[in-house]
Each structure stands twice: as structure tokens, then as C-alpha cells.
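K.L.:
Full structure from sequences and hints, please.
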Amino acid sequence: SDPSRLHYLTLEAQAYSHNRYTNGRSFLGKVSLSGTSFVPHSDAVVLHFPMEKRGIFSRVRGELGLKVYITDEASLRSSSASSNHPDSLDPALPTV
Numbered sequence: 001s002d003p004s005r006l007h008y009l010t011l012e013a014q015a016y017s018h019n020r021y022t023n024g025r026s027f028l029g030k031v032s033l034s035g036t037s038f039v040p041h042s043d044a045v046v047l048h049f050p051m052e053k054r055g056i057f058s059r060v061r062g063e064l065g066l067k068v069y070i071t072d073e074a075s076l077r078s079s080s081a082s083s084n085h086p087d088s089l090d091p092a093l094p095t096v
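The opening position of the sequence shown corresponds to residue 1 in UniProt numbering, with each subsequent residue numbered one higher.
Quick caveat, the hints were computed from the structure, so don't treat them as lab data. All values reported here derive from a predicted model rather than from experimental measurement. Glycine included, every Cβ here is placed at the ideal spot set by N, Cα and C. It cannot be assumed that every hint is accurate.
[Unchecked claim] Straight line, CA to CA, 16 Å or less: simulated EDC-like cross-link-like pairs of lysine to aspartate or glutamate:
1. 30 <-> 63
2. 53 <-> 12
3. 30 <-> 43
4. 67 <-> 43
[What the hints assert, rightly or not] Distance ranges between label pairs, derived from CB positions:
5. 42 <-> 20: 35 to 45 Å
6. 24 <-> 4: 19 to 29 Å
7. 73 <-> 27: 30 to 40 Å
8. 4 <-> 46: 23 to 33 Å
9. 53 <-> 24: 18 to 28 Å
10. 46 <-> 5: 19 to 29 Å
P.N.:
Structural data, given as C-alpha cells:
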């Protein structure tokens with residue numbers, strides 16, 4: 001993507017709880033971020049965002065910690081995808 005178009009982009013991260021016995025999942029909440037909040041990889045830190053409720057009667061509470069950044073370096077994209085470290089759960093996040 002073109003970095004000059006970041007202000008048009010939105011990242012939506014949804015959190016689910018997986019029940020291994022029933023193989024089902026329960027929605028826990030979501031976080032929506034505008035593209036203007038993405039920073040270069042060198043400035044990226046884990047930030048905690050309050051989770052949004054799905055509806056009025058939802059009992060969602062809590063925060064979701066995300067490390068969101070932009071990069072044009074292919075080596076960063078491929079190394080974070082192969083790492084198992086909790087801070088490296090970035091493959092689902094957009095890179096520019």
C-alpha cells in the first residue's frame with residue numbers, strides 16, 4: 001500500500017476465546033485503529049486499547065495490547081511471521 005494513503009485505512013482486531021472441547025469460539029471484543037496511529041517499526045511499542053462491545057447488552061471488558069507498525073522491509077515481515085515470541089504476533093497486522 002501507499003504510505004500516503006494510511007489515513008484512509010482502518011485496522012480492526014477482534015479477540016475470541018476458543019473452547020477446545022466444543023471447538024467453538026466466543027467473541028470477547030474488538031479494537032479499531034485508524035491508519036494515522038501506525039508508526040515506523042523503530043518507534044513501535046505495545047499499546048493497550050479498550051475493547052469495544054458488540055452490542056448494548058454485551059458484557060465485554062478489558063483491553064487488547066497491540067504492537068502496530070508500518071514497514072517496507074521484507075526481512076521484518078518474514079522474521080516476525082516465523083517467530084514464536086509473544087511480542088512477535090505481528091503477521092496479522094498490516095504492513096505498508
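K.L.:
A separate judgement is required for each hint: does it hold in the structure or not?
P.N.:
Hint-by-hint comparison with the structure:
1. 30 <-> 63: holds (9 Å)
2. 53 <-> 12: Given pair residue 53, residue 12 holds - Cα atoms ~13 Å apart, limit 16 Å.
3. 30 <-> 43: Roughly 24 Å separates the two Cα atoms, so the pair is violated.
4. 67 <-> 43: With a Cα-Cα distance of about 10 Å, the restraint between residue 67 and residue 43 holds, given a limit of 16 Å.
5. 42 <-> 20: 35 to 45 Å: holds (38 Å)
6. 24 <-> 4: 19 to 29 Å: Between residue 24 and residue 4, where Cβ atoms are some 42 Å apart, the hint is violated.
7. 73 <-> 27: 30 to 40 Å: At 34 Å between Cβs, range holds.
8. 4 <-> 46: 23 to 33 Å: With a Cβ separation near 27 Å, residue 4 and residue 46 satisfy 23 to 33 Å, so the hint holds.
9. 53 <-> 24: 18 to 28 Å: Between residue 53 and residue 24, where Cβ atoms are some 20 Å apart, the hint holds.
10. 46 <-> 5: 19 to 29 Å: Since the Cβ atoms of residue 46 and residue 5 sit about 25 Å apart, the hinted range of 19 to 29 Å holds.
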